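**Student:** Read off the chains here:
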Amino acid sequence: MTASAPDTAAKPTRAFRLDLKTVGPLLALALLILLGISLNENFLTYNNLTNVLARSSFIGIIAIGATFVITSGGLDLSVGSMAAVIAGVMIMVMNWLIPSMGISWSVVLAGMAAGILLGGVAGVFNGMMITRGRIEAFIVTLGTMGIFRSLVTFLANGGTLSLNFEVADVYRPVYYDGLLGVPYPIIVFALVAIAGEIVMRRTAFGRHCAAIGSNEQVARYSSINVDNVRLMTYILQGVLVGVAVLLYVPRLGSASSTTGVLWELEAIAGVIIGGTTLKGGYGRIWGTVVGVVILGLIGNILNLQSLISPYLNGAFQGVIIILAVLLQRGSRRT
Amino acid sequence: MKLAKSLLAATVIVGALGGVAVAQDKIVIGVSVPAADHGWTGGVNYFAQQAIERLGATYPDVEFVFASAPDAPKQIADIEDMVATRGIDALVILPGDPDAMTSAIKQVKDSGKFVTVVDRQLSVDGVEDLYVAGDNPGLGANAAAYIKEQLPEGGNIVILRGLPIPIDQQRFDGFMAGIEGSNITVLDDEFANWNRDDGFKVMQDFLTRFPDIKAVWTQDDDISLGAIEAIKQAGREGEMFIVGGAGMQQILQAVAAGDALTPVDVSYSPAMIATAIELTTSHLVGGIHVNGRFVLESTLITQDNAAEYLDADSPF
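Residue numbers (this note's numbering), protein chains in the order written: chain H, 1 to 334; chain U, 1 to 316.
Extracted from the complex, chain U is given alone in its bound form (with noise of 0.2 Å):
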């Protein structure tokens, strides 16, 4: 009996340490983003997905370890339990919380591992390798410079904002700047937490209270869906025009279609995710010098160019 159970353990081991071996022909490449808590985290955990299941059909010997995570806590176990029990050589990581994930990166760089960061910067420079990202200040800069175009005696703005963290300051800063020296004035602005219920209730709000609105920013179509929901119940969508962010399908497909209440929409796109994973693989799989810095331009999607961005199996 004893035996049989020494012989079993030792196979097992033998077995575990043989799947080490195998494992260790091949580069892994840990990816870790934050879990879909809005359309666009969505958005990046389908890009994501996307293109590990591409990639790995494409390159046999490159193995993915995904991990989505809630909160900054988890998705710093997720890091650690890749570098220790998965033996990565490769981290592509969108933190969510960057500031708080800065020291947890770090030390997967200080181990000799090749560390991607998309979207949002850590607070400590030179940490990655690689940074991929999209441009928030261009995303706002853009919006600003639509608006400007389409209002050239001025007038008024209302501006629905994100969640009070770095990038959605980055956008704001970006579009103020833009206007400035117009004569648009902004009547107020307030956070909608990119969502579509706060969307309508601060739009509801905003609609009471200014009798004189000639175009709303958004930042993010996800709060573009509530303040549309907001103005055509008040029935005022022949005043005013929205400018939102992101790129999602259905405020696309209104810009395709030539919807007056949103003429346009700014590019953002999740998709980034993937831009990120191709690059990381490319440089571990082919050699291929990727280091450096990134920036996805933030477009302005217009009727014309709208085709290009569609994309009937995103869920964002």
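Chain H extracted, bound-state conformation (with noise of 0.2 Å):
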């Protein structure tokens, strides 16, 4: 709210200026989608652009949670790892009550509650070490990181978790089906994202985020509480890792080792490409938004075409991201 004074009172080639801005990762995006048309005549169906909105879904409700850790100047790494145990563990409770529960949805939602809760605690573990513990967030979410993948490899047996054939397909739905016509995934992902949205632009919680992330020692003496704001993002990120990992479960019904590789890395880098600041202080949930959908639809371009020696994917993707930062860093003239 307090940046918005001196912004309606600034001059006309300010506001037009700070529109550029805004505008980047639109730019990019926009760009992107017209290389994609160029390419190819099925980029565009109504299926190819589901199935892509549906499989960023994960990232995506993850990248919004870590939206609010990066702008209050934290940082989790431990997403990806927390991700695939989370899995699996749902996958072990929903196993495990089958017998006394059978097929059924009731088994499913217990499993749903399970990896929530769980989600909610890893995040509790995260942020009461930051805050209580006064440990970098660097190096705490890397320790978890390690435990968290050491935990699912352990849990699976070094091999893979599956989840029973019979509840498999009660659940499947929540992946595959939709309501008219979009896929659940894509409707859980556009209601967090305005969730978020609300929450940051709208609410103390989200404005002190802000404070914090831009300076900490002037958030304290504004009486604002850090260390309860930051544990809060914490537990934030780790529920919203629940919510994702409630629909990748149903996807493939399994969780192994290899579940949620680099997740860390992708959200992070949608949520610097949609504009919010790595240093923290200013945060942006739509351009996320953006920025998730940019590089989700980088990996469906490179797999449409066969231009790109598939030995290039992981450059011309690295240039994508720069690129896409680069847009809506050349028109701010800082």
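In short, the hints are calculated from the structure, not lab data. Treat the hints with care, as some may be off.
[To be verified] Simulated restraints, written as ranges between beta carbons of each label pair:
id	chain 1	residue 1	chain 2	residue 2	range
1	U	Asp212	H	Glu136	51 to 57 Å
2	U	Glu308	H	Ile198	56 to 62 Å
3	U	Glu308	H	Leu180	45 to 51 Å
4	H	Val218	U	Asp81	48 to 54 Å
5	U	Gly258	H	Arg201	54 to 60 Å
6	H	Thr277	U	Gly87	52 to 58 Å
7	H	Leu35	U	Asp97	33 to 39 Å
8	U	Gly87	H	Ile147	32 to 38 Å
What you are looking at is a predicted structure, and each value in this text was computed from that prediction instead of being measured. From the three backbone atoms N, C-alpha and C, an ideal C-beta is built for every residue, glycine too.
Both chains are given apart, each in its own frame, so use the hints to dock them into the complex.
**Tutor:** Structure below.
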């Protein structure tokens, strides 16, 4: 809210510049869509677009949590491993409940509850270590990243945890079906994004996140409970990882040590492409959504053509990520 | 007080020396494998530990040292420790990255240990005493032969590859040589990183792009599982079949049940590590000559012989 006062008072040139900055990620998205259309006629089909959005929704939901963490000056490197261990435990819980509860929706709901709960607990642990234990967020979450990854490997005995086939059939529609032709993962992603945008823009919590990220001392003097706000961002992150996993498990019905590898980097890349600054203080939820969609489209476009050698996929992806950020920085004269 | 301390120290030293003396009576075999980072390496870890348990019970005079490493530097440190502190007589190693590890393994060999290399060829010939591996070019060739037989008129196929490393290239080259001269058209090949999430994504995009696909070669069963979901989602399971590889239990069960989408698989069993440990142990214990190359066939697994490959306890 405080930021809007000088903006309205600024000269027209400044307002114009501000517009360009905001438009950066959207411009990158538009260019990417044009590229996609020119490369393949099936790019714009409804099926292709829903495929890309649905499979981007896991990273998207996690990245919305990451926007809060990063805006308040923190970082969570453990989200990918956390997703894997939550998926593993959810599958074990559901398999374990089958003898007593039978093949039913109640088993699935119990699994979902366990997933969300575990995400929250993992978030509390990360957050407490950082705020009460006074350890760098980078170190704490680097540590939990290793812990969670080993745990899922251990639980799966180095192999794969698979959901009971019949329960998987009950659960399957959560990923593959939808409302009025829109897959559920996309709907959930949209709802989480809208809620995130409201919380970030319209609530005290959102403003406190930005204030802490921009200057922790000043925030403290302004009687913001810095530790509690920080803790909340990690809990929110954990719960959102749980929500993402609820949608992930029905897709393949399994979890292994490769589940969620590098998701943390994809989520952070999405947040940064969307215009949130890595050092904190300024966050944009809708930007994150655009950033994640850009990342999803890059992978899709690379698969839809055969011009670029598959050996160069990683390089092409890197170039586009840097370009997307350049586009939005280029117009910002600082 | 001082006396008590020195006495204590002396006891500890003597005890330790005694421990070493006892250990020297035994034959010590080091086993080093990559960490369980995907289904197949998970299987390697399982079969290695199982073989160690079984052989340890059979031969009380043989002691095994097992280590599992996530990357080349850690694996090199593991084998250095085995030589320096555990006094191994032989090393059985599945090198995660054979090029990075060749010189370290050569050092173990030069210090007079028996060295068995599994699955991945070192960048210098003649380092190892025994080489035990699956047949990578054969994995590609067998898959190609089956697809050629099923599509005598030819047709469009897509390939989901592993990672850009030599094993993948050997399989790929074997496959391409296998379909040469037929009317089979490879529409495209993409890396799916031996991972089911990537298998799902790449297959979804192939399905969007190509309206006519007769067969899919994934060269790995983890990738197949992702591809299967993508094909089912698109409702096109009647149009094509998948040939994977490595012999994952879940796929083998489908093959045994006569599933139309996965009619066959090509074996490339992680149990080859157990073969290597067995051979090395018989060499040290029984003095049986095992030097040379031992290549396990990559067999085509069909509904008829699937039962032979099923193992309910295997994590892969």
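**Student:** Hint by hint, note whether the structure agrees.
**Tutor:** Verification of the hints:
{"no.": "1", "hint": "U:Asp212 with H:Glu136: 51 to 57 Å", "in the structure": "55 Å, holds"}
{"no.": "2", "hint": "U:Glu308 with H:Ile198: 56 to 62 Å", "in the structure": "60 Å, holds"}
{"no.": "3", "hint": "U:Glu308 with H:Leu180: 45 to 51 Å", "in the structure": "50 Å, holds"}
{"no.": "4", "hint": "H:Val218 with U:Asp81: 48 to 54 Å", "in the structure": "51 Å, holds"}
{"no.": "5", "hint": "U:Gly258 with H:Arg201: 54 to 60 Å", "in the structure": "57 Å, holds"}
{"no.": "6", "hint": "H:Thr277 with U:Gly87: 52 to 58 Å", "in the structure": "55 Å, holds"}
{"no.": "7", "hint": "H:Leu35 with U:Asp97: 33 to 39 Å", "in the structure": "35 Å, holds"}
{"no.": "8", "hint": "U:Gly87 with H:Ile147: 32 to 38 Å", "in the structure": "33 Å, holds"}
Going down the numbered hints, you'll see the structure goes against none, and every one checks out.
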